[in-house]
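Peer 1: Put together the whole structure using the sequences plus the hints.
Chains as they are written, first to last, in the working numbering: chain A, -3 to 245; chain B, -3 to 245; chain C, -3 to 245; chain D, -3 to 245.
Warning: the hint list may mix true and false statements.
Put simply, identical chains are the same to the list, so a pair is met inside one copy or across any two.
Taking lysine to any residue and the SDA-like style, the derived pairs with C-alpha atoms no more than 20 angstroms apart in a straight line are [as the list claims (entries may be wrong)]:
id: 1; residue 1: Lys5; residue 2: Ala200
id: 2; residue 1: Lys9; residue 2: Leu24
id: 3; residue 1: Lys199; residue 2: Glu216
id: 4; residue 1: Lys165; residue 2: Thr60
id: 5; residue 1: Lys175; residue 2: His231
id: 6; residue 1: Lys109; residue 2: Glu(-2)
Honestly, the hints are just simulated from the structure, not real lab data.
Source: prediction; values computed, not measured.
4 protein chains.
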Amino acid sequence: MERVVLLDKAGRKWLAPIDGETVSVRGLGVLKAETLRASLGGVLTIGGQSFFVLRASAKDFADTLERRAQIITPKDAALLLFYADVKPGDTVVEGGSGSGALTIALARAVGEKGRVISYDLREDFLTVAQENVRRAGFADRVEFRLGDVREEMDGPADAVVLDILDPWKAVPAAHHALKPSGHFASYSPNMEQVKETVLALRKARFIEVRTVELIEREMEVREQGVRPAFAALGHTGYLTFARKVLLTA
Amino acid sequence: MERVVLLDKAGRKWLAPIDGETVSVRGLGVLKAETLRASLGGVLTIGGQSFFVLRASAKDFADTLERRAQIITPKDAALLLFYADVKPGDTVVEGGSGSGALTIALARAVGEKGRVISYDLREDFLTVAQENVRRAGFADRVEFRLGDVREEMDGPADAVVLDILDPWKAVPAAHHALKPSGHFASYSPNMEQVKETVLALRKARFIEVRTVELIEREMEVREQGVRPAFAALGHTGYLTFARKVLLTA
Amino acid sequence: MERVVLLDKAGRKWLAPIDGETVSVRGLGVLKAETLRASLGGVLTIGGQSFFVLRASAKDFADTLERRAQIITPKDAALLLFYADVKPGDTVVEGGSGSGALTIALARAVGEKGRVISYDLREDFLTVAQENVRRAGFADRVEFRLGDVREEMDGPADAVVLDILDPWKAVPAAHHALKPSGHFASYSPNMEQVKETVLALRKARFIEVRTVELIEREMEVREQGVRPAFAALGHTGYLTFARKVLLTA
Amino acid sequence: MERVVLLDKAGRKWLAPIDGETVSVRGLGVLKAETLRASLGGVLTIGGQSFFVLRASAKDFADTLERRAQIITPKDAALLLFYADVKPGDTVVEGGSGSGALTIALARAVGEKGRVISYDLREDFLTVAQENVRRAGFADRVEFRLGDVREEMDGPADAVVLDILDPWKAVPAAHHALKPSGHFASYSPNMEQVKETVLALRKARFIEVRTVELIEREMEVREQGVRPAFAALGHTGYLTFARKVLLTA
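Peer 2: Here is the structure:
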């Protein structure tokens, strides 16, 4: 399940498994896994070009993803994991799978004993997500399902994480699937989506309902001056969180 | 090691262990752990007052901390964990311990098989941090040490996480302690600290050196209108990340 | 029409006219205007206390306002004046008057030959605004009217500036009042107001329709470190701009 | 001195004077000023293409500028004018001229009776700025000078506005040139520049010393959803303001 990334001078990255004997890396040919293992954390020369061989990080997985749909940014993934309290051993329901970027982040966080159940309405998305998860080495912790989370989700789940167009329609199914004290999280670009979802969560008696937006500013540091970058990442999405409780004493 | 929080109507929280027989909660008296376990995710009435009994989340631990020094905010802790790629099984070195807020977040993320070594120069901080970590139930994964991370850190570490006044002075020791491909992370409020640290990281040939600031905007959602909150969190700190590599092929 | 502010060590300000013979300043007693004029830009001691005597600036007027309603912040006023292109000689229609903060900023910008027509539905607001404008010395350029800008505005105007609950309902009247090539500007806290207003402007065939939000970050500069302030101003409002054109060649 | 902009469907703009008899517009040929005047605020067809004919606004001047150096953004120009309290009749010293973008904004704000004295070290910048100011129709209110504002500025000035690499070196000359109660304003991209400038201002006993950064977020409004734009403007610069006072009673 071990993965490395090869990083070139231009900042490009290639993901590669190193637990077999040989590794086929698109554009770089077939390499010996042994060679990659021996170079871990150092420099490897392939065809006259230098590459850093790095243990694949959460961000590396996102950076090397085969993308179909728009993927969630690392800053938003980081906050989702933290505020939805995803931790080793958890069962997490995800809807929809998208390109599998968040699925991989969730799979890493739940660890070997955890489980991610990922739903999508579209088979083509599921195929891409499944392939990305397999390449990342987490196929054994993730179960993909063709299905509509607005209708039904499997449970009992420690957390439900949604990235769908109409998350408010999935609030009752999320409530049903969550364990008491479980965490709801949803990612939406538009304010109208946020409003509908928050109102639905309050109606379903979720507590600690909260919506935030994260703005990440990159800093440029040079000997002659420090300042925020002239180029900026704009809006990505709003993150809504809530917690299920049972209301009868 | 199981912990719950009791949450009252006013949003106040009390942390309580539920793996023993009885629990003493400051201001609420002595409760039966059995009763808390039975109420998990639901409502419990204590002395005529209603409380939600929730499985303690990463944010709950931060919210119920005994504070001595300023603590890192959840948004910054979330990004630190993600970009420093802290994951189950890791060994992480922290300097300094502060009030133990970040220590707890790290301890959760490294899981049962992971380890956190936390240094501080001040014994009074270590005492507070140690007590907070014990109350959170992570004493067995965290080792506290009185010491100066600018001089020396134990290793080999998957990640080094610093929240000290002069992190640039700890860059050589961090390089020494880190495994190849390991992650450096540092939190500082001022731009001068960022500058010195980034220049020291570049000099030590770290790669993927990057500094970001996170601005979290809370949204207010009401039937009659949605908008960002009038009250805002200002600057907390800059987060600097880097990765150690070996430069000989 | 000349005004000064008296500024004490604690940052408090008092507005005072200096074109008469004597000046009565609330809490400071009666002063000779001559003395104030002679101290302009310097220090004056009144009753044992030191005050800077400063020529009143746009921001000083806002800082010394008798407030009834929430007033527009200087950053938003600055952008409104610039993007609505308010300049010497202009006729500007304002709705509603509020506490007169924006009225004063508009009156300054249109100069001696310009004119501001300010409407409000509430007589109590008009009274406060009128008194604030008089104290600021701009009574001769501002005409206050009790009226509903959603029904009718006088014209022809170079700019229409709205700070009302339902600006979209005033779009037809604004179109009617504006000169061809004239500027529409509106200030609203909620995104629903922005949406209705933008859709109404597009329907009325306004061009260059644009909405922005300004976030002002204060920097703290000390010898030992520079950083954005820990305390921050949150959301104030969205600013929507547009331009009227005639569509027949 | 009247100017219009021609605006095409793609959002491109051409600046044109309309106080003569004919107008030569680059790429559009020679037009009758009379025709432009008659079309003001409406649509004009030139060579089969439609153009809106609009009275040139402050933003139009910035949008149609011949650029040599990086120019100040409208949001920053707006705040500079407001916080430096530039108003009809003022004398303002600018250093350096750059491409003349801020010079034009200043010239508009000081009105017919005001005056702008603009310094630059480089003759090529002065030439471009002078041409831009002439095209904008403000040649009679602006005086360009080849010179070093760190050495000397003419006065007495109501405001001094700096956009140079080392504004802290110009603080003594600015203090000398300013009237008591006059306004200092400076624009710098880097934190180090801000720090030096603020420390120099405090040393020179300026009061109300304050540095801000403005972040402008554009909103995207569509029937199906409202949100901040995915594309964002990053950092432009920090704005530092201060006020000169005389310290002897």
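Peer 1: Decide, hint by hint, whether the structure agrees.
Peer 2: Checked hints:
| no. | hint | in the structure |
| --- | --- | --- |
| 1 | Lys5 x Ala200 | between (52 angstroms within a copy, 17 angstroms between copies) |
| 2 | Lys9 x Leu24 | within (11 angstroms within a copy, 49 angstroms between copies) |
| 3 | Lys199 x Glu216 | between (45 angstroms within a copy, 16 angstroms between copies) |
| 4 | Lys165 x Thr60 | neither (32 angstroms within a copy, 34 angstroms between copies) |
| 5 | Lys175 x His231 | neither (32 angstroms within a copy, 36 angstroms between copies) |
| 6 | Lys109 x Glu(-2) | both (17 angstroms within a copy, 17 angstroms between copies) |
Comparing the model with each numbered hint stated earlier shows that hints 4 and 5 do not hold.
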